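Number of protein chains: 2
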Amino acid sequence: MFRKLASFEEAKKIIEQNFPPKPVGVEQVPLSEAHGRTLAKDMVATTDVPPFNRSTVDGYAVKASDTFGAEEDQPTTLRLCGQVAVGEYPRVIVEVGKAAEIVTGAPLPKGADAVVMMEHTNRRDNTIFVHRPVSQGENVMKAGSDIQKGQTVLQAGQRLSPKHIGVLAALGLTEVKVYGQPRVAVVSTGEEIVEPGKPLPPGKIYDINAPTLSAAVLECGGKPINLGIVPDEKDQLKSALGGALNMADVVITSGGVSVGPRDLLPLVLNELGEPGVLFSGVAIKPGKPLTFAVVNGKPVFSLPGHPTSSLLTFHLFVRPILYRMAGKREQATPTLRAVAASKIFPARGRRTFVMVNLTRDKSGRLLASPVPLGLSGAITTLAKAEGFIQIPENQQFIDEGSEVTVHLFEEKSNSVLDRSH
Amino acid sequence: MFRKLASFEEAKKIIEQNFPPKPVGVEQVPLSEAHGRTLAKDMVATTDVPPFNRSTVDGYAVKASDTFGAEEDQPTTLRLCGQVAVGEYPRVIVEVGKAAEIVTGAPLPKGADAVVMMEHTNRRDNTIFVHRPVSQGENVMKAGSDIQKGQTVLQAGQRLSPKHIGVLAALGLTEVKVYGQPRVAVVSTGEEIVEPGKPLPPGKIYDINAPTLSAAVLECGGKPINLGIVPDEKDQLKSALGGALNMADVVITSGGVSVGPRDLLPLVLNELGEPGVLFSGVAIKPGKPLTFAVVNGKPVFSLPGHPTSSLLTFHLFVRPILYRMAGKREQATPTLRAVAASKIFPARGRRTFVMVNLTRDKSGRLLASPVPLGLSGAITTLAKAEGFIQIPENQQFIDEGSEVTVHLFEEKSNSVLDRSH
Chain A
1 MFRKLASFEE AKKIIEQNFP PKPVGVEQVP LSEAHGRTLA KDMVATTDVP
51 PFNRSTVDGY AVKASDTFGA EEDQPTTLRL CGQVAVGEYP RVIVEVGKAA
101 EIVTGAPLPK GADAVVMMEH TNRRDNTIFV HRPVSQGENV MKAGSDIQKG
151 QTVLQAGQRL SPKHIGVLAA LGLTEVKVYG QPRVAVVSTG EEIVEPGKPL
201 PPGKIYDINA PTLSAAVLEC GGKPINLGIV PDEKDQLKSA LGGALNMADV
251 VITSGGVSVG PRDLLPLVLN ELGEPGVLFS GVAIKPGKPL TFAVVNGKPV
301 FSLPGHPTSS LLTFHLFVRP ILYRMAGKRE QATPTLRAVA ASKIFPARGR
351 RTFVMVNLTR DKSGRLLASP VPLGLSGAIT TLAKAEGFIQ IPENQQFIDE
401 GSEVTVHLFE EKSNSVLDRS H
Chain B
1 MFRKLASFEE AKKIIEQNFP PKPVGVEQVP LSEAHGRTLA KDMVATTDVP
51 PFNRSTVDGY AVKASDTFGA EEDQPTTLRL CGQVAVGEYP RVIVEVGKAA
101 EIVTGAPLPK GADAVVMMEH TNRRDNTIFV HRPVSQGENV MKAGSDIQKG
151 QTVLQAGQRL SPKHIGVLAA LGLTEVKVYG QPRVAVVSTG EEIVEPGKPL
201 PPGKIYDINA PTLSAAVLEC GGKPINLGIV PDEKDQLKSA LGGALNMADV
251 VITSGGVSVG PRDLLPLVLN ELGEPGVLFS GVAIKPGKPL TFAVVNGKPV
301 FSLPGHPTSS LLTFHLFVRP ILYRMAGKRE QATPTLRAVA ASKIFPARGR
351 RTFVMVNLTR DKSGRLLASP VPLGLSGAIT TLAKAEGFIQ IPENQQFIDE
401 GSEVTVHLFE EKSNSVLDRS H
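Protein sequence lines correspond, in order, to chains A and B. Quick note, the first sequence lines up with residues 1 to 421 if you use this note's numbering. Quick note, the second sequence lines up with residues 1 to 421 if you use this note's numbering.
Some hints could be false.
[Unchecked claim] With a straight-line Cα cutoff of 27 Å, these simulated DSS-like cross-link-like pairs (lysine-lysine) come out:
| # | chain 1 | residue 1 | chain 2 | residue 2 |
| --- | --- | --- | --- | --- |
| 1 | B | 198 | A | 177 |
| 2 | A | 149 | B | 198 |
| 3 | B | 177 | A | 223 |
[Claimed, not checked] Have a look at the derived ranges for each label pair, beta carbon to beta carbon:
| # | chain 1 | residue 1 | chain 2 | residue 2 | range |
| --- | --- | --- | --- | --- | --- |
| 4 | B | 41 | A | 199 | 19 to 27 Å |
| 5 | B | 32 | A | 199 | 15 to 23 Å |
| 6 | B | 10 | A | 72 | 34 to 42 Å |
| 7 | A | 33 | B | 200 | 19 to 27 Å |
| 8 | B | 150 | A | 394 | 43 to 51 Å |
The hints are simulated quantities; they were obtained by calculation from the structure and are not laboratory data. Just so we're clear, the structure is a prediction, and the values are computed from it rather than from any experiment. Built from N, CA and C at the ideal position, the CB exists for glycine as well.
Could you put the whole structure together from the sequences, leaning on the hints where they help?
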């Protein structure tokens, strides 16, 4: 166990080395529930799409060679040999000198290799006058031209959006294998916190972290198991965390890891299994008390109690792990470039994360303005922040007007970002 | 009913005038299910957060005036009068010349108005030596400083993300009023289409649109009711659409609106109720066959049968309506600025939408490259596109290298967009 503070990079490395995340499993879901899930295997087409040559226009199916030389005032003459409707297998065969009426989407009949558009023809009884030549394959969508049998149409790790569901439907599928959702137990600790909905005795405050972190788990594609508040008492903590480790793939606690006589968490985690606590404290601001343990193969992230620190450390350390356990290949936190709206100073010797919100200046540049952290227990600070920027340990400040990378808290589009047209 | 093609702007106006969308309703959901939903009323704080003055450090609660003049080598001396733990209402009262030991997060005892940090003190038995003065309120988070009773903390229309759920939890809430999800019936028509999962007879293809549009409805915050395929036969169509109008707030059909003898949809829609079809055909490419009706107060969008046209017209016309029916105030389609990777020509006299995908050039500029539309039945075209650009009716072309606004199909972050650091 680390006695001194781990650096940000050390903390990341220790997590990666002791818990290299793997997808938690694969499940089969109906297409109607696949939206937003992550494809668990490469999808190889088992059929051609379309499965047959289709006409892309209303007109006449012909042999292209029969139309060669046709001109506006010197039409080629063909004889009508039948009709082809959509959704039917055509029985008619188009022989030399013949033409079959066909509508958009209908299968090309045997013998034909092109379609003349209706507007380039005239008809008198069963005689068709073709005023323009067509080349082989003209106005025909070839079998397999959209998707070819054997072709890999979607790759494992793809987040399934409506258009991907369309591709699966085109292959006739009704179910699809997607990665499972990691189960994440969420535990709050602290003598001063009370579950929302209960009466608030004097000296207590409502627990913000369990509901917030549960929603954050959902947003990462995980399944939160909100275990509520566990008192800062050794036996209760041990039994609650033991239970959490049994039922979940990952355990997140918040609170109870600051310096203080009641900080039992590291102690309890070490008793619960090997290797136990791997670092306790990281040289970051905010979020310094962050503690990480692996207990019998399962990771435990003990986040600080302050809501801002807690959600920030979740974003920095837990979210990327959950993404990989959910099989997602996207980057866990979307980023964008902006310009610092003011000079920003970091905490000395620690990697500093500064909450920012985003506005546009008159010229359309995206400005990142620090949200005053105020007192770090504030939830409203967090609610105002759209993301954060980081300042490396050795950097003295970020100058006003310099380019910064903003890590966004939310994946959803932001109204300011949209104002680009 | 419009006999000629409506322009894009006319079509938008007709929809807005005949169906000005309103939120479909309000429902109360537990906080654990509120993530991603849209807040239906302004949230006004019913209590102060925190509800009492809290210490933000470990140290001693004092009267600030007692510490004035304290210096490193000339400490002020105070007498210990008790201890304050977190989560307890302090019984001790700090009088002149006294100090109470206090930990981070604990309520400030009566009489005290500041906290001296532990590291700025020494202690011998019950005597506390204070080596630095504190000012009134120092190291204290005031009652109501995070959220003040009566303050509006969140506004109706806010999409609820983890941090907003944190704000609601801070107020002790366990449930929240969110806007209801519009129910959207999705119907596919066409003689040639077969539901995925069923055997595919010769001449038929699988229905792509019902699964794709159902997923698109989900993505907009709606509740899809996938009614599958209805044959292009008048009585069946009428009974299916009548049923759809009864059970849903919005009806979407696809297919069956191209020019052709079987295009019964407008006919049936006019028979089902007033005012019926309001336009049939829009001067856009792709998507020209788009038809819009209002039947007894409910909107019916009849989208073209080709998957690309169908999803594009959904994005252009249906998505913004569903957003407003779901109470969302965000822009329905996120946009970003990019540079055209090649010269792009529109269709003459129609507003043209060109599918594009996004890459970055060496200098980091975002490039929008047209996805060859190929034959418009292709689903793979759509799967490759990340968004679309539009070219106004009167514009001759978009030049290579000129700035364009890309409307994104997906709300989720895109790996190319992320590559900004």
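Between residue 33 (chain A) and residue 200 (chain B), does the beta-carbon spacing fit 19 to 27 Å? Cβ of residue 33 (chain A) to Cβ of residue 200 (chain B): about 23 Å, so the range 19 to 27 Å holds.
Distance restraint evaluation - residue 150 (chain B), residue 394 (chain A), Cβ atoms, bounds 43 to 51 Å: Distance hint for residue 150 (chain B), residue 394 (chain A) holds at roughly 46 Å.
Taken at face value, is the distance from the CA of residue 177 (chain A) to the CA of residue 198 (chain B) at most 27 Å? OK: residue 198 (chain B) and residue 177 (chain A) at ~19 Å, within 27 Å.
Tell me if the straight-line CA distance from residue 149 (chain A) to residue 198 (chain B) falls inside 27 Å. This hinted pair holds, its Cα atoms lying about 18 Å apart.
For the range 34 to 42 Å, tell me whether the beta carbons of residue 10 (chain B) and residue 72 (chain A) fit it or not. 35 Å, holds
Within 15 to 23 Å or not, the Cβ separation of residue 32 (chain B) and residue 199 (chain A)? 20 Å, holds
Is 19 to 27 Å respected by the C-beta to C-beta distance linking residue 41 (chain B) and residue 199 (chain A)? 24 Å, holds
Satisfaction of hint between residue 223 (chain A) and residue 177 (chain B), Cα-Cα up to 27 Å: 23 Å, holds
In the structure shown, no violation is registered for any of the earlier numbered hints.
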